[in-house]
Amino acid sequence: MKIERLKTDLLIIGGGTAGCYAAITAASNAAENKGAGLKILVVEKANIKRSGCLAAGVNALNAYITEGRTPKDYVEYAKKDADGIVREDLLYSISEKFNEVTAHLEKLGLVILKDKDGKYVTRGNRNIKINGENIKPILADAVKKLPNVTVLNHVNIFDFSVHDNRIDGAFGFGIENDTFYAIEAGAVIIATGGAAGLYRPNNPGFSRHKMWYPPFNTGAGYAMGIRHGAEMTTFEMRFIALRCKDTIAPTGTLAQGVGAKQVNALGEVYETKYGISTSERVYGTVAENLEGRGPCYLRTVGITPEQEESLLKAYLNMAPSQTIRWIENGTPSKANVEIEGTEPYIVGGHTASGYWVDTKRATTIEGLYAAGDVVGGAPQKYVTGALAEGEIAAKSAVEYIESLSALQQAQGPDISSVNLLEKISEEEVTEHVAEIEKFLGKRINNTFEKARDEGGDTVEHLEEEMQAAMDAYAGGIKTGYRYSENQLAIARKEIEKIEARVGDLHAADLQEVMYIYELKERLTVCKSVIAHLAARHETRWHSFAENTDYPEKDNERFRKYVNSRLENGQIKIILRELTAEGQRNYEHHH
Amino acid sequence: MSIIIDQGKCIGCGRCHDVCPGTLIKINENKKAFIKYPKDCWGCTSCIKECPVHAIRFFLGEDIGGKGCKVHTEKVKGEKNDIVRWFFELNDGSVKTIDIDPKESNKY
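Each protein sequence line maps, in turn, to chains A and B. Under the working numbering, the first residue of the first sequence carries the number 1, and numbering increases by one thereafter. Under the working numbering, the first residue of the second sequence carries the number 1, and numbering increases by one thereafter.
Treat the hints with care, as some may be off.
Here are the simulated EDC-like pairs of lysine to aspartate or glutamate, each with C-alpha atoms no more than 20 Å apart in a straight line [claimed, not checked]:
| # | chain 1 | residue 1 | chain 2 | residue 2 |
| --- | --- | --- | --- | --- |
| 1 | A | 129 | B | 50 |
| 2 | A | 116 | B | 104 |
| 3 | A | 144 | B | 18 |
| 4 | B | 26 | B | 50 |
| 5 | B | 103 | B | 89 |
| 6 | B | 39 | A | 512 |
| 7 | A | 438 | A | 176 |
| 8 | B | 39 | A | 509 |
| 9 | A | 119 | B | 104 |
| 10 | B | 67 | A | 512 |
| 11 | B | 26 | A | 509 |
| 12 | A | 129 | B | 74 |
| 13 | B | 26 | A | 358 |
| 14 | A | 560 | A | 358 |
| 15 | A | 7 | A | 366 |
| 16 | B | 9 | B | 74 |
| 17 | A | 72 | A | 106 |
| 18 | B | 70 | A | 328 |
| 19 | A | 116 | B | 101 |
So the derived list for chain B, only partly shown, Cβ under 7 Å to chain A, looks like this [as the list claims (entries may be wrong)]:
| # | residue |
| --- | --- |
| 20 | 22 |
| 21 | 48 |
| 22 | 88 |
Derived from the structure by calculation, the hints contain no laboratory data. Even glycine gets a Cβ: it sits at the ideal position worked out from N, Cα and C.
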C-alpha cells in the first residue's frame, strides 16, 4: 500500500448534497475575500457525480418558502412534527436560505417547473416541483469547475486526527488505488450523511439494499465524531418511512398526486384516526396490522386511466421499480397499493439525529464543522436545507481558517499558511496503516460461502447478526418498532459481542476493508442509538421511539434534548434544556 | 433490485463504474464492465442513464416479486424535443414502451 500525505486548508469529507455546496460556497467566498489562495479538498468514497442521497434524482424540493409563507411557518411546521424537540436557531438559519439556494441551483441549470405566469409550480405549502433527475450531476459539475477545489473520488475516510480536542485532519484509503492517505487540514467539514443498514431491512435477501435511504450512507461521520468525544443529539428519534410494499417506493406521490387515502384490509380509512404527523402515519399502519385489520393500502382502485398513466410516468422518474411492479403485477386502478413501514434509519435531514452544533455548525470538536444529514437538531431539512447548511458550515470554516492564519502570522513572519501545522505524527500514520494491513494480511477472498465452509466470520455475516439483534431487541420491524429496557440491554450486549469479533475479519482488497470499517461505524452508531432509546423515559414519537416501559409522553421530564458523549469508553447521557422559543443563536460553552 | 450488463454490447468506457454510488461495478481484464456486488445495488439507475450503448438492464429481484422484466431507457427525438423512452422487455418476449417528455414528466 502506497502512503500519501496531503495538506489542505479546508477538508470536506463527503461530496454529497451538503459537501458539494460547502465546496461551492467556500470557493466563491474565498475568491471574494483576501483568502483567494484557500485550498479546498473534497474527499468522497464513491464519485461526486452521483454519490449520496441525490444519486437517483428527486422530483420536488420539499423545503421551500412559497408565496404568502414565511420561514417562521416552516420552523413551526418542523417543530410540531418533531413534537418540540428541535433547535429553532438551526431551523431558522436554513429556512431563511431555502429560496436563495434554490435560485442558485436554478442558475446552475436545475429545471424548476413554472406556471404560465412564470411562477414556480408548488405542491402543497412547502414544496416546488422540479425536473431533478440530474440534480446531482449539476452540483458536481459546478464543483469540478472551481479552480481551488480538488476532488478525491473513491477515497474512504475512516478516522479523524484529533489532538487536545482540535481536529488536525483525517485518515483514509483509496478503495481502487491501494493508497493510504493522511490529510492535514486547517478546518474540516463533515458531510457524510446519516446511517442506513443498522436494522434488518424489509427484504433481507437479494434485495436487501432496496431501501429508502442510500445503503452507502453508513454513519461514518457520526461514528468518527462519537469515538473522538463529540457531543451528539437525538439519536433516539429514528426515522421510519411509510413506503410501497416490496419496492420501497415513495407513498407521497400517491397520497398527494391522486388523493389516495390510507385504508385497512376492511377498506376503512384509518389515517385520520392516528394523526397525520410523519411518525403517526407510520404508527397508524403498524397499529392497524397489530389489531388484525392489516394489511394496509393506499386506495388507488377507481382512479381514471389518465391518472394511472401519469402515475406510471411519475414513478419512472423517481422510483422506476414501482412502475415495473405495476407492469408485471397489475396496475393501480385495478389493485390498491400495499404499504408498510421501513426499518429505522438514523438521519438528521428528516428526523433530528446527529452532531450537536452551534448556530455556525461548529461541532464540539474545535475546527470540525458539520452539514446535512450528519447534523442533529434540525429535522425536515431535505435537499435545500442540506445546501443551506453546507453554505453556513463553509462560511464558518473559512472564517475559522482565516483566524488561524492571522494567529500564525502574528506569531511568526515566516509562517503564512495553515498548511504548515505538521500535526499528524509518523506514529499516527503507522498505527492506522498497520490496522488496515492486518485486515489485508491474509488476502483471503472474503465470500459468504467460503466463510461458511471454514466456519469463520465475514462482514456480511456480522452485519446480518447486527441487524437481527437491532431488529429483535432495539425496536425494529419485528416488534412493530417497540422496545423495552430489558430488550435494549440484550441489544447492547449483542452489539458488543459482535464488535469484539470485527478484529478477526479479513479482506481481499481495500474495498472490502472499507466494508469492515463501515460495519465498525454501524456498530458504533448502534450503541449510541441504544443508549439514547434507553435514556428517553417516555414515548414522544410513536414508532420512531416507542418505549413500552414508558408508553406516555412526559413533558415535565423529557421536553428536553437527549445528548450524549463518549467519556472513557462509556456513553454519557446529557439532558439539555430546550433553547428558548424564537432563539436565533446558540453557542457552545466549553 | 439489481442490474445486468450485456458483455456483448459493453464497450468498456467505464462510465457506469464512475457513477455507481456504491462503486459496485468493476471493469474486467477483457475491458468489460460487470457488477461485482449485485446484492448491494440500491437501484438508483445512474449506470443505466450513463451507458452510451444501452448495455445495462435493471430488474426487480424475485424476493420482492420480480418476474423477470428487464428495463432500460433511450433518448429519442420527439416532435418538439428529446423524449426519454423506457423499454420493458417482458418474460413472454414482448416489449412495452412508455415515452416521457421531460418537460411534462412531473404532473405529480
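Exercise for review: Determine which of the earlier numbered hints do not hold for this structure and return their numbers in increasing order.
Suggested key: Numbers 1, 5, 10, 12, 13, 17, 21 - these are the hints that the structure violates, sorted from lowest upward.
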